[in-house]
Amino acid sequence: MSDPARNAKALTVTEQAADWLERREASGWTDDDARLLQAWLDESESHCAAFWRLEEAWNQSSRLAALREMRQARITPASRRRFWPVLGRMVAAIAILAVAGVASKIYFSPPQGDLYTTPVGGREILTLADGSQIELNTDTSLRVNFVSGRRAVTLLRGEAYFQIRHDGARPFTVTAGNHRIVDLGTKFVVRRETEKLEVALMEGRASVEDMSTASPEHPAVLVPGDVAVVTAAGVTMTKKSDQQLKDSAAWRKGMLVFDGARLSEAAAEFNRYNATQLVVVDDVAARKTLGGTFPTNDLEDFTHLAQSVLGLHVRRENGRIAISR
Amino acid sequence: MAASNVRDWFVREVLPLEEILTRFLHRNWRNRSDVEDLRQDVYAQVLRAAKERIPDKTKPFVMATARNLIIDRIRKEQIVPIDAADIDAIEVAADTPGPDRVVTARDTLRRLQGALDHLPPRCREVVVLRRIDGLSRHEIAARLGIAEKTVADHITRGMCAIATELFGDASGEGRNT
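Chains A and B supply the protein sequences, listed in that same order. Residue 47 in the working numbering sits at position 47 of the first sequence, with consecutive numbering throughout. Numbers in the working numbering are just positions in the second sequence, counted from 1, shifted up by 325.
Don't read these hints as lab results, they were simulated from the structure. Please note: incorrect hints may appear among the correct ones.
Restraint-style ranges between C-beta atoms, simulated for each label pair [claimed, not checked]:
hint, chain 1, residue 1, chain 2, residue 2, range
1, B, 381, A, 165, 21 to 29 Å
2, A, 207, B, 379, 32 to 40 Å
3, B, 379, A, 165, 14 to 22 Å
4, A, 223, B, 475, 45 to 53 Å
5, A, 260, B, 474, 36 to 44 Å
6, B, 468, A, 42, 36 to 44 Å
7, A, 223, B, 470, 45 to 53 Å
8, A, 287, B, 467, 28 to 36 Å
9, A, 309, B, 379, 56 to 64 Å
Small disclaimer: the values here were computed from a predicted structure and weren't measured. For glycine and all other residues, C-beta sits at the position ideal for the given N, C-alpha and C.
Bound-form chain A, shown alone:
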């Protein structure tokens, strides 16, 4: 791990700021690192200026990811993506952009706020104007709308961790489908899937409201450790221990933690992060249980475990890995 302070003499302030920012965006960023960064920022206004400037530019450059979406939606099926050389893809992206004025309007139209998107396997930390932070997990899309006294985020798909600065005058809301989470100064994770919405609260308080009914029922109020699972059938509340909550948010460090998970569940988790999909072929294999900590983007450890510890067969075929009895 390189230490920016060590080279301080040789580097300009801007280069030091870039060094911090790059490290924060990479995996392996710890709370201690965050404290060191804060201390560095507190040292001088010059440090703040350089860091905020690069951070803002880098945040904005997430718009480049939209090129990828347009490109994929319009010309290349995802499975062929890896055969495209990078430069070829850039040229294609620019060519598409030239004819896709309409598409870019959809992506960037200002009244609906700013759209932030991570690709499969991507992860992103956003710092909002009020100092709140949002961490986007893999394949996630959300819209941030800070206007006229409200702070509204819409989670379109995927999963995000929210660390919110409380402001009584401007409540912070996260909308996902028909449900709205109103925060009261909190840390929480929201995960949106096709049929299910999950809200896990780490700190503070928040409520989950159903907006589809004209007169909303009593909103479900969450206290730390609560997990609200919203399905078509209604809202179910469960409790998780500190450790379980930490484990389920291990993606923030680029990891997946399993404790007695079924192989089928574990495979489904990995598949959120990787283009190469794990396919569990039969029930016997699917029902095996396992535990351990794995990098989200490296299937080697996991397939090795399936093979040598669980005694299953692992077969690599085009773009997927089949696991069977």
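Based on these hints, arrange chain B on the given structure of chain A.
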């Protein structure tokens, strides 16, 4: 003044002035390689003031800070800038152009693409893999067969270049080549 307010103000009102500010510094300072340094000093001074109180009118405040900084430097270093033998000749011409430039989303994307285009090929490849394809440092290193440290260096270089192109001069006047 809460730090988040200052950051908010800096990002929203000061950074969009970077193009004008950079042009002003180029015009009034002989040594081009000092300009980035000067700009950084202007930002630091502006932030120091904003921590006490956020100025009502950002643009005149930033430009006056830049002007004073240059005058200060000239006095200290006893040198004469190229176009300003007389200190009084340093004029802040920034108020003359009409309405403030509004950076649209399309504009932003165009600038971002410009920044990518101007990066050295290897650096561009790394930034594209990171920002468009969302690969991690580790994955990029493995794919390109280079050290993770090298990936990190390309990224930091890309970050600096993107910021300069996005906020600074799209014309490339201040670009280091």
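Hint by hint, which ones does the structure fall short of?
none
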